[in-house]
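Those protein sequences? They're chains A and B, same order as listed.
Each residue of the first sequence is one higher than the last, beginning at 0 in numbering that gives the first Met the number 0.
Each residue of the second sequence is one higher than the last, beginning at 0 in numbering that gives the first Met the number 0.
Since the hints were made in silico from the structure, they are not lab data.
Keep in mind that this is a model prediction, so the values were computed, not measured.
Incorrect hints may appear among the rest.
Said to hold, decoys possible - Restraint-style ranges between C-beta atoms, simulated for each label pair:
{"id": "1", "chain 1": "B", "residue 1": "Pro24", "chain 2": "A", "residue 2": "Asn41", "range": "47 to 55 Å"}
{"id": "2", "chain 1": "A", "residue 1": "Pro72", "chain 2": "B", "residue 2": "Leu262", "range": "20 to 28 Å"}
{"id": "3", "chain 1": "B", "residue 1": "His159", "chain 2": "A", "residue 2": "Lys28", "range": "25 to 33 Å"}
Ideal Cβ placement from N, Cα and C applies to all residues, glycine included.
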Amino acid sequence: MKSIPHRRSREVVAWLRKEDAEQKKRYRKIVQEQDALEPKRNKWVADFLERIQTRGTHIHYDQMRKVRPEEIPTKPKRKFRVVF
Amino acid sequence: MARPHIEPFVDRDVSFKKMTLPGFPKGMQYKMLSLDTDNGACSMTVLFEPGYKQPPGMSYTEYELFIMTGSITVGDKVYGPGSYFFVPAGVTIGALTSSRGATGLLFYNHGEPSFVESDSDHPRAERNRLATINAYDDLQWSSTNFFPATAPGCFVKILHFDPRTFGFTFLYCMTPNFWQDNISYHDCVEEAYHIWGTSWMMQFGDLPTGGYFYRPPYINHGAFGCKLGTLAIGRTDTQLYNHFHFNPWTNVEENRERAASRLLHRNPELYKWVNNHGHNHPVDFDFDHGHQHGDVPHHHGDGQVEHKHKKKPRRRR
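If we strip away everything but chain B, and leave its shape as in the complex, we get (with noise of 0.2 Å):
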């Protein structure tokens, strides 16, 4: 099993623990929000005690964090309240300082947490992708442009985009009053947190402040409301579809069937190519893609779709 549906859970209801994981600096405290049991990706609450100190360094994998409260200082420059940092596998940030302390969320995407100390970036870190930006003050609110979108009184702000998946992570805000007659669920994986402000959905009812989900795809939620207005921080790990509904009651099997039915009547000829092909690694020529039993990540710069991989020789008994 990859992540469980955490839906929903409170970060208040437990305590901050000591972060004890090999390099790893003291003073840093977490709450584990969700843990991917296969490859150790998780989500945590963190709390940056007064006078941490962590020096230069990198994560084995790629994380995101933002800033809460408090503020840090990476290098020379101090990062304060809606500071979002996208951090690939292997790029080194500065030594990271918080002298009055903060409370941030910490996303490690595809693997466990690392902290592995060092002055430059791995051999394989792709610094380019490095973004950091402050989403209170850089940003500013827009609509959805979902289509179907959500009700009217639901905005966002980017923080980062993955061109390949679509997937991506975002501040959502729900005015006051606003509220959402339809049930939803989605193709991909979505994860949220109540930074501030209370929501209703009618299958979990009131998500408060630190309020926190995990919801693997196709599961129902909604209707929706919120009295008093929510700032919440959102991701995705692929494109967010809105599939609109009002059976309260179908199951995660019956909304993947209906969402493939949609998916056929949407896309007729990639759903036919797909299914009567017999390709199963349909390759993106704008990306580098690899294939299962260790083939190296590779590149047809030719957009050359159809290719042909030699076959391993079959070892003799």
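One chain only, chain A, in its complex shape (with noise of 0.2 Å):
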């Protein structure tokens, strides 16, 4: 029994709507925030795809492998999100 049925008050309801609406500010400003942090991403990713073919990728715990110049997939022409 991972919730037991109850009638939810008017003031429960009130409250579900009011932080409902905080979250959706809250998400918001998430997704604000992470578009502009996409020029310090982008180097970032750089730096990964370069790393794995020089020290390796991690495959299981502290196995790796380099992984081939031609396995390194292309920025496709969507928009790059990272908050969904």
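Build the complex: two chains, separate frames, hints provided.
Dropping the structure here:
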């Protein structure tokens, strides 16, 4: 029994509505901040793609393999989203 | 929508608010980390003010409480930092007080926060599932035993494990100079809060002390790094499987498709059965199960899986 059926009071419904509105605001702020991070992220991605060819990428625990240049993915034209 | 993707969020950036929901005594404050807008389930940082007093009582939904600073007293026992409670729905805990105050994390798993003063359990309570432990003193760090595993230098302590869903709550730490050069995603929801320390992810940047995320399935995260070490608490809703790859630009749909392909290759017989059998509510005979449309949860003790239910008579207009 994960939850026991019960009736929500008006106060609870109002509280949930308020928290929902605040969460939507919080989500929008996160998306904005993450969009602003894109130039830095692009640099981090470039560094990562370089490292996995030289030092390797983790496969399992301490097992790593070097990625061949032809395996490196190309950036798609669509927007690079990190928050969904 | 259930819970949105909240990542990253740092609770140090916002102030505590007074808990005003009916039933809760005065002196409890909270910061909302994430909220399921369908059922009210939520994760919060909470502050029990010095002198806080809560009578014996229960919640309508199961919840988990982790104490980060200060201490609380439940009944006649004092619980300090690292104390973890898993309290099933309807189970009454004794009077809770905090003479000097405390902060913690409070997770209401399947419904909105509720507190009902009561000296006895609800008739539907499952007291046998109540668990308390001190995660700092009573457990030791172990390597993650997932396969494929996270890189060396990430350790866990399992606080709670659900034998049906394989979802679990755990402390984890990253050692100083931990790094993992791959991108990961999971079939499960993953949620975490940094108790102390800063870690870095290629998508989101630094997550400092007080940093939090609620990440729905199939969302890329990593590569990872941690300069000075991190202590955090994490949760999943089902089994955590590390889907590792190195394409930074894949989206949720692509990752899900790839996970399904992996399932096909790892469990071909099961995949075929689920896909073709047409029986859309497989039964695990170890557990109660119920069906939609108000069917009462029930158990087939004989291990019968291929069962049929009587069709409800159609209403005549």
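Consistency of the hints with the structure:
1. B:Pro24 with A:Asn41: 47 to 55 Å: 50 Å, holds
2. A:Pro72 with B:Leu262: 20 to 28 Å: 23 Å, holds
3. B:His159 with A:Lys28: 25 to 33 Å: 32 Å, holds
Comparing the model with each earlier hint shows no violations; every hint is respected.
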